[in-house]
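Number of protein chains: 2
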Amino acid sequence: MAFDTPFGSPSETRTAIMRATYEALIEHGYENLTIQRIGDEFPKSKSLIYRHYDGKDEVLVALLEFLLDHFESQMPQPTTENADDCLRNVLDFVLASDLDAERAELTKVMVELRGQSPHNRVFREYFSDNDRTFRRGFAEIVERGVEEGVYRPVDPEVVAEFVLTVVSGSTVRRATTDDTVDVIAVRRELDAYLDARVLREQE
Amino acid sequence: MAFDTPFGSPSETRTAIMRATYEALIEHGYENLTIQRIGDEFPKSKSLIYRHYDGKDEVLVALLEFLLDHFESQMPQPTTENADDCLRNVLDFVLASDLDAERAELTKVMVELRGQSPHNRVFREYFSDNDRTFRRGFAEIVERGVEEGVYRPVDPEVVAEFVLTVVSGSTVRRATTDDTVDVIAVRRELDAYLDARVLREQE
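Chains as they are written, first to last, in full-length UniProt numbering: chain A, 1 to 203; chain B, 1 to 203.
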C-alpha cells in the first residue's frame with residue numbers, strides 16, 4: 001500500500017477483516033464491493049468473514065465504527081486549557097487544510113458511505129449517531145466556555161449545530177469535487193463567526 | 001405518485017426518460033438502479049433510452065443537469081433590490097427550513113449521487129461544476145454588495161466559499177440523518193456571521 005492506514009499490525013482476525021474491507025472499499029467503491037472482494041484482500045479464510053458478519057453492510061458499519069474510534073483517538077483531548085483554546089484545537093484537527101493520504105482516503109470512504117444513507121437505513125442510523133456524538137462534543141466545549149466566562153451566554157446546541165454544519169460541508173465538498181476547497185478561508189470565516197458571536201468581548 | 005415532481009407534462013421523450021430515471025432512482029437508489037428499472041417506469045420502448053444514452057451514469061448526469069436547471073429556475077432572481085436583500089432571499093430558498101416532499105426527495109437524490117463522486121469521475125466532474133456555479137453565484141452577489149457599499153471591502157470568493165460550505169453541510173446532513181437538523185438555527189448563525197463580518201456597519 002502506498003499510504004499508511006488506520007490499522008496497526010493485523011494480528012487479530014477482526015482487525016484483519018477491517019483492514020481488508022477498507023482496502024477493498026478504496027479499490028472498488030461501495031457499489032462494486034462484495035464479500036468476495038473483501039475476501040481477496042484478506043489473508044485468512046473467507047469463511048471467517050461470514051462467521052463474524054452477516055453481509056456487506058454489517059461489515060461496513062463495523063468498519064465505520066472502527067474508523068471513527070481511530071479518528072477520535074487522534075483528536076486533541078480537552079485538557080486544562082480554556083474552552084476556547086480547546087475548541088480551536090479541535091477545529092485545527094477536523095478542518096486541517098492539508099490532509100495526508102490516510103486522512104484523505106478516510107474522508108472519501110466516510111463521504112461515500114454517508115451518501116448511501118438516503119436509501120440505506122443502517123447507514124442513516126450510523127450517521128445520525130455520528131452527527132449526534134460530534135454535536136454533543138462541540139456543545140460540551142461551548143457549554144464549558146460559557147461557564148468559564150470566556151464565552152457569552154450563547155446556546156451551546158445552536159453554536160454546535162452551526163460548527164458541525166461547517167465541518168460537514170467542507171468534508172463533503174473536498175471529498176466530492178476536483179477543485180481545491182479553500183479550507184483555510186472556511187476556517188478563517190468560522191473563526192470570525194466565533195470571535196463575533198460567541199467569544200466574550202475582552203475588556 | 002404521492003408528490004409533485006420537477007417534471008411537467010412528459011410529452012417529449014427526453015423529459016419522459018428523465019421522469020422515469022428520477023422515479024426509478026427514488027425507488028431503488030443508485031446501487032440498485034439499472035436501465036431495465038428505468039425502463040419499467042418508462043411508458044415507451046426501452047430502446048429509446050439506449051438511443052439517447054450510453055448507460056446508467058450518462059442518464060443520471062443528464063438527470064442531474066435537468067434537476068439543477070429546475071432548481072435554478074425556482075431560485076429568486078437577482079433584481080433591483082440591494083445585494084444584501086438579494087443574498088438573504090437566495091438563502092431563504094437554499095436553506096428553507098420546511099422542504100416539501102419534492103424538495104426533500106430532490107435533496108436526497110443529489111446527496112446520494114454526490115456520494116458516488118469519490119469513486120466516479122463523471123459525478124465528481126458534475127459536482128465540481130455544480131459547486132463552481134453556486135460559488136460564482138454567491139460571489140457575484142457579494143461583489144455587487146461591495147460595489148454598492150452595503151458590504152465592507154471583503155473578498156467575495158472567501159465569503160462565497162464559506163456560505164456554500166454552510167449550505168452544503170446542511171443539505172448533506174439533513175438528507176443523511178434521521179434527526180431534524182436545526183436549519184433555522186444554522187440560518188440564524190449564518191446571518192449573524194454576515195452581519196458581523198460582511199455587512200457594513202450602519203451609521
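Just so you know, not all the hints are guaranteed correct.
Copies of one chain are not kept apart here, so a pair can be met inside one copy or by any two copies together.
As the list claims (entries may be wrong) - Derived pair list, reagent style SDA-like, types lysine to any residue, alpha-carbon separation capped at 20 Å: (1) 56 / 35; (2) 44 / 200; (3) 56 / 92; (4) 56 / 41.
Just so you know, these hints were derived from the structure itself, not from any lab.
Could you figure out if residue 44 and residue 200 sit no more than 20 Å apart (CA to CA) within one copy, between two copies, both or neither? neither (57 Å within a copy, 65 Å between copies)
20 Å Cα threshold - placement of residue 35 relative to residue 56: Within one copy, since 6 Å is at most 20 Å while 24 Å is not.
At most 20 Å between alpha carbons: which applies to residue 56 and residue 92, within, between, both or neither? Neither. Shortest intra-copy (34 Å) and inter-copy (40 Å) distances fail the 20 Å Cα cut-off.
Could you figure out if residue 56 and residue 41 sit no more than 20 Å apart (CA to CA) within one copy, between two copies, both or neither? within (14 Å within a copy, 29 Å between copies)
Checked against the numbered hints listed earlier, the structure breaks hints 2 and 3; every other hint is satisfied.
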